[in-house]
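In order, the protein sequence lines correspond to chains A and Y. Position 10 of the first sequence, counting from 1, maps to 10 under my numbering, and the rest follow consecutively. Position 103 of the second sequence, counting from 1, maps to 103 under my numbering, and the rest follow consecutively.
A couple of the hints might just be wrong.
Unchecked claim - No farther apart than 20 Å at their CA atoms in a straight line, the calculated lysine to aspartate or glutamate pairs in the EDC-like style are these:
(1) Y:Lys-49 to A:Asp-95
(2) Y:Lys-102 to A:Glu-62
(3) A:Lys-69 to A:Glu-30
(4) A:Lys-57 to A:Asp-38
(5) Y:Lys-102 to A:Glu-30
(6) Y:Lys-102 to A:Asp-56
(7) Y:Lys-102 to A:Asp-95
(8) Y:Lys-102 to A:Asp-59
(9) A:Lys-69 to A:Asp-56
(10) A:Lys-71 to A:Asp-95
(11) A:Lys-18 to A:Glu-62
(12) A:Lys-65 to A:Glu-79
(13) Y:Lys-102 to A:Glu-53
(14) Y:Lys-102 to A:Asp-38
Don't read these hints as lab results, they were simulated from the structure. These figures come from a predicted structure and were not determined experimentally.
Single-letter residue listing:
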Amino acid sequence: EAQVTQNPRYLITVTGKKLTVTCSQNMNHEYMSWYRQDPGLGLRQIYYSMNVEVTDKGDVPEGYKVSRKEKRNFPLILESPSPNQTSLYFCASSDRGGGIQYFGAGTRLSVL
Amino acid sequence: AQSVTQLGSHVSVSEGALVLLRCNYSSSVPPYLFWYVQYPNQGLQLLLKYTTGATLVKGINGFEAEFKKSETSFHLTKPSAHMSDAAEYFCAVSGPFQGAQKLVFGQGTRLTINP
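The shape of chain Y in the complex, shown without the other chains:
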């Protein structure tokens, strides 16, 4: 069975600092990987996804993530945090092919930006 672990339920950084949100997954086959963001009182929206091909994936709002198969990781980064990045971030995994409709989420990481 697939699973996702997000290290750190809360992360706090200063405005302008590097953002690093960690995600490790468990899957018996090469997975599809996603990062979603949830702003207060809203649904989730996609930041970026990895299916196949280039392991460094660029998303919206300056975020990117790198798929590292040897480390089973898909960490999310942004070089310079902005106040508007304050939100909850979820890493998710699904299987390819027949398992693709079943999406498993991590516990979420709440990102706080300090002025």
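So here's chain A without its partners, still in its complex pose:
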């Protein structure tokens, strides 16, 4: 079954404690993205990747890092989380730019 898998689904942490949210896709897609969803703001792109070792900033990259060492994986790293990063995060993948994006189920993060 084609899918995008995010882990964990729920995470509560404290300010400054480094964390990683993993994302994996089994569709051999080249494009992958991270979004955050906040009430009244829709989804905003954090980072995207067009292939292995190729990443670029989206609209809200501050405070986040990503890496793309393998085609299937695109982890999101928060090195020093702050309360304003409390949000619902989605990973997505696509076979090409402008193609259909397939979303993971989401990771709800709370930073205390």
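Knowing the structure of chain A, use the given hints to seat chain Y on it.
Relative to the frame of chain A, chain Y by itself:
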């Protein structure tokens, strides 16, 4: 820069009534346009997309949308609402070619269906 505006953060219709969710976009070049749906506690899934060609696009679950370049709109419609249509709907735009990997979403419209 591209942007998307969805008119109405909440829309409520009766079961069997017409559903109309409005989306206007801003883009300097002909864009790719999408509607995604999000059911409670789930990720987003594609309803329909417009890239080129026919301006009336049919999607899943009886939804359709019409690309109107002169009005810079891509409104989503369904002739007869069903209870299962209750969800949040997002309009999104991306550029063609080099801009295609950057997807910009609207704020979302929560659709409620009254029995």
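Hint-by-hint comparison with the structure:
At roughly 15 Å between alpha-carbon atoms, Lys-49 of chain Y and Asp-95 of chain A fall within 20 Å of each other, so this suggested pair holds. About 17 Å separates the Cα atoms of Lys-102 of chain Y and Glu-62 of chain A, which keeps this hinted pair within 20 Å; it holds. Note on Lys-69 of chain A and Glu-30 of chain A: the hinted pairing holds, with a Cα-Cα distance of about 12 Å set against a maximum of 20 Å. For the suggested pair Lys-57 of chain A and Asp-38 of chain A, the alpha carbons sit about 19 Å apart, so the restraint of at most 20 Å is met.
The hinted pair formed by Lys-102 of chain Y and Glu-30 of chain A meets the criterion: a straight-line CA distance of about 14 Å does not exceed 20 Å. A distance of roughly 10 Å separates the Cα atoms of Lys-102 of chain Y and Asp-56 of chain A; the hinted pair therefore holds under the 20 Å criterion. At most 20 Å may separate the alpha-carbon atoms for a hinted pair to count; Lys-102 of chain Y and Asp-95 of chain A meet this at roughly 14 Å. Between the alpha carbons of Lys-102 of chain Y and Asp-59 of chain A the distance comes to roughly 9 Å, so the proposed pair stays at or under 20 Å and holds.
Proposed proximity of Lys-69 of chain A and Asp-56 of chain A is supported: the alpha carbons are some 14 Å apart, at most 20 Å. Proximity of Lys-71 of chain A to Asp-95 of chain A is assessed by CA-CA distance (about 11 Å); at most 20 Å being required, the pair is judged to hold. Only pairs whose Cα atoms come within 20 Å are accepted, and Lys-18 of chain A paired with Glu-62 of chain A is accepted, the gap being roughly 15 Å. Of the pairs offered as hints, the one joining Lys-65 of chain A and Glu-79 of chain A holds, with about 8 Å between alpha carbons and a cut-off of 20 Å not exceeded.
Distance check on the hinted pair: Lys-102 of chain Y and Glu-53 of chain A sit about 17 Å apart at the alpha-carbon level, within 20 Å; holds. Simply put, Lys-102 of chain Y and Asp-38 of chain A have alpha-carbon atoms about 18 Å apart, close enough for the 20 Å limit, and the pair holds.
Consistency note: the structure conflicts with none of the earlier hints.
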